[in-house]
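Protein chains in written order, with this note's numbering: chain C, 1 to 479; chain R, 1001 to 1368.
Where hints are given, some of them may not hold.
With a straight-line Cα cutoff of 25 Å, these simulated DMTMM-like cross-link-like pairs (lysine to aspartate or glutamate) come out [stated by the list, open to error]:
# : chain 1 : residue 1 : chain 2 : residue 2
1 : R       : Lys1135   : R       : Glu1005
2 : C       : Lys333    : C       : Asp281
3 : C       : Lys167    : R       : Asp1173
4 : R       : Lys1354   : C       : Asp7
5 : C       : Lys252    : R       : Glu1203
6 : C       : Lys226    : R       : Glu1224
7 : R       : Lys1135   : C       : Glu315
8 : C       : Lys252    : R       : Glu1075
Quick caveat, the hints were computed from the structure, so don't treat them as lab data.
Quick caveat, the model's predicted, so the values are computed rather than measured.
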Amino acid sequence: MEMPVPDAAVVADKARLVTRLAEVLPRDAVIHDPAQLRAYECDALTAYKCPPLAVVLPATTEEVADVLRICHAAGVPVVPRGSGTSLAGGALPTADSVILGVARLTDVLDVSYPDRIIRVQAGRTNLSVTGAVEEDGWFYAPDPSSQLACAIAGNVAMNSGGAHCLKYGVTTNNLLGVTMVLMDGTVVELGGGHMDAGGLDLLGVVCGSEGQLGVVTEATLRILPKPEGARPVLMGFDSNEVAGACVSDIIKAGVLPVAIEFMDRPCIRATEAFAKAGYPDCEALLIVEVEGSPAEIDEQLGVILQIARRHDPVELRESQSAEESARIWLGRKSAFGAMGQINDYMCLDGTIPVSELPRVLGRIREMSEGYGLEVANVFHAGDGNMHPLILFDANTPGDLEKCEALGADILRLCVEVGGCLTGEHGVGVEKRDLMGDQFTPEDMEAQMRVKDVFDPSWLLNPAKVFPLPVSEARRMAAE
Amino acid sequence: MIRPESEGDLAAAVREATGPLRVQGGGTRGAATGPGGGLSVAGLMGISLYEPGALTVVAAAGTPVADLEAALAAENQRLAFEPMDHRALMGTEGTPTIGGVVAMNVSGPRRVQVGACRDFLLGVRFVDGTGTVVKNGGRVMKNVTGYDLVKLLAGSRGTLGVLTEVAFKVLPDVAATATLRLDGLDVGTAVAAMSAALGSPFEVTGAAHLPGDGATLLRLEGFESSVAYRAEQLTRRLARYGTAATVEEAGLWRGIRDAEAFAGTDEDVWRLSVRPSAAPDVAARLSGARLLLDWGGGLIWAGVAPGTDLRARLEGIAGHATLVRAAPETHARLGTLPPEAPAVAALSRGLRAKFDPRGLFSPAAVDA
Ligand SMILES: Cc1cc2nc3c(=O)[nH]c(=O)nc-3n(C[C@H](O)[C@H](O)[C@H](O)COP(=O)(O)OP(=O)(O)OC[C@H]3O[C@@H](n4cnc5c(N)ncnc54)[C@H](O)[C@@H]3O)c2cc1C
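Using the sequences and the hints given, assemble the complete structure.
Given below as structure tokens:
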């Protein structure tokens, strides 16, 4: 993976830039000491690291605007950052960039239950949004596994999803408005407490734009009343094909579970050794969860269990209690942690049409054997969003490169069967160089035109999303 | 009127155009006004992919909405966002097309629970103003690869390009529906009752108030026993607003969806998008207007005397007002779409100039 050569003039002028930033921010909000900068050298894609020129931590929209005006005038690239949990390198700095962190923007600004909305500053963590309304019986639906740490700002930038998005949708479906600062310091309000756009749906294209169109400082989010209850059921099958067919039959039957999670044998074994959730040792495991009153849950699970039985499950376990529900989820929720215990791993994030599930899993197995690297699969089966985990050893020379090559092959396979490179983690730098496998030059050109309008000088997070040769002319012209 | 039969021909027609184009699907939404040669998308027709087990359907933009809905119904599925049919309201004839629905982001009463057209749109193909074919999104439910032009195109009223293909997430149809009716509530109380219902865990999929009839209507959908249970629970929860009665469905929600109350009158019709809690204030300021509240008060249809500048009466209310039905002169004088703040208007203008550098599609011209 390559990054652009840092602008030597910008790097050389660091002292002057820091002085100017210090004029508009409190002293402790400008970080420029090399030792402290190390904390910002990467996000959760730790394979790539580079300390930025400086880090700023503004506490208001006005401060964000001041910072951007200064960087804009000086031609300094800015990389927005939430909590740094991106798995795609979205918040990876370059040596000539300023990291603009929103960690100090954490207030709740407005809660309206009659309007079913909450307005927060964008640095607030995902889970603490629910935390602000939970006691009154409400929640914010998108629930990425990283929700304890990740910020709404990052969620908006990546259009993050979660385990329950089959029913509730992803960030973009739960986002009603933002306050955003453009690279030249202009503050814009998009959307608000009402439900649809009056003109072009700019909010729709800002969500998922990976910090390349503007810095989001506030967000209005849709909140929902908590369901009366929820209950999972666990099913084990002898083959991936049968599990895949079962998923499809459940969906066709007209029940809409809130979650359908899938794990394959390598993943089951690893999590079992780690979390001891009592999972059966089988080829494929499904966790299906439904919501409602106890009677409604019984009725939906009745339909689901009937379908499951037709597919000869080796295990069928309906939760009878809160503890049992927690145990059923325990293995799934600790899957990534379990993998981390036994190995280094790379987590992929492609999406495929649900109907291609068995074929794709078969092909992944062949590829995995071909490369000699083990792959464990855990994913959101209801919507086809796969997370193959490639296990490798970072200390073995050449293993990371081999792992990346296998990962690229798997993602190309996702595209080939009608899916896409990334379902929820974003492109960042990780999938940047594969964009040409999914899009034509014209498709990418159309997307880059949007950036041309929002950020004509291409200073906001410029080295992400589009392959460097594809964006080069624009980045150079702007310099 | 040019009527290409393929995406390639349509792209060629756009490339060869020398002046403004009036893009038309079925011509039912009364949006294609103004000058220019006609360009019909109706020749691009048919469902190219439908996988009920994956809740996915892909169709050419000129496919009649009715064809699509029939294909889904055969598998017991539906377009959950419940697209409105504009014909009664606009006094138009013709066949509504799915591309027109997307271009206008048309969504019905269920939007308040499940989301709008744009939320179910998985992918698009379109021809931009340079005659280039662009695809964005795809046919899978989770996709964050590159920028989301899908949302940008939804509701763009044809100003960024001509849609040629659209892909949707669909949902299962339901076994049972029930509608509860509360009578005699003023707008403020009705909105409070609707908010209480929408704030309950019972998944209300329609919440409308008809001030004229004094009726407040709440819809529940799902399995038979579940609907019965929820109706009972909801009735109990709403007791302080009155006794909710279960009423006959037939055509009720279709009438609300299509704003039928305004069909055939000589009023101007406006469509307001506001915070539900602002609805009582809006209603007070618009006294004399005929109103229909949907989306729990978040969507307000208003019928007013021809030529009325309704926006002038809503100063300071967050949200916006779109002029849906009026004389061309009124559209020209007041503007069809709400004015945008200068910085936002600059972004919109910039995008239109990039996607349509020759100004073929603006002034806005799509008619579904
Ligand atoms: C263990 C683990 C589990 C995860 N599980 C999930 C999951 O289930 N679902 C899922 O979708 N993701 C998941 N992720 C990925 C990650 O958590 C999400 O992408 C998250 O939204 C990133 O948020 P953040 O605040 O950490 O953003 P960061 O990592 O700081 O930044 C992410 C991107 O957002 C941009 N950005 C940040 N702040 C702003 C701003 N104010 N304005 C504009 N752009 C901004 C950055 O430039 C960058 O491109 C997981 C990550 C980990 C480590």
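Going through the hints against the structure:
{"no.": "1", "hint": "R:Lys1135 with R:Glu1005", "in the structure": "holds (19 Å)"}
{"no.": "2", "hint": "C:Lys333 with C:Asp281", "in the structure": "holds (18 Å)"}
{"no.": "3", "hint": "C:Lys167 with R:Asp1173", "in the structure": "holds (14 Å)"}
{"no.": "4", "hint": "R:Lys1354 with C:Asp7", "in the structure": "violated (29 Å)"}
{"no.": "5", "hint": "C:Lys252 with R:Glu1203", "in the structure": "holds (21 Å)"}
{"no.": "6", "hint": "C:Lys226 with R:Glu1224", "in the structure": "holds (22 Å)"}
{"no.": "7", "hint": "R:Lys1135 with C:Glu315", "in the structure": "violated (43 Å)"}
{"no.": "8", "hint": "C:Lys252 with R:Glu1075", "in the structure": "holds (8 Å)"}
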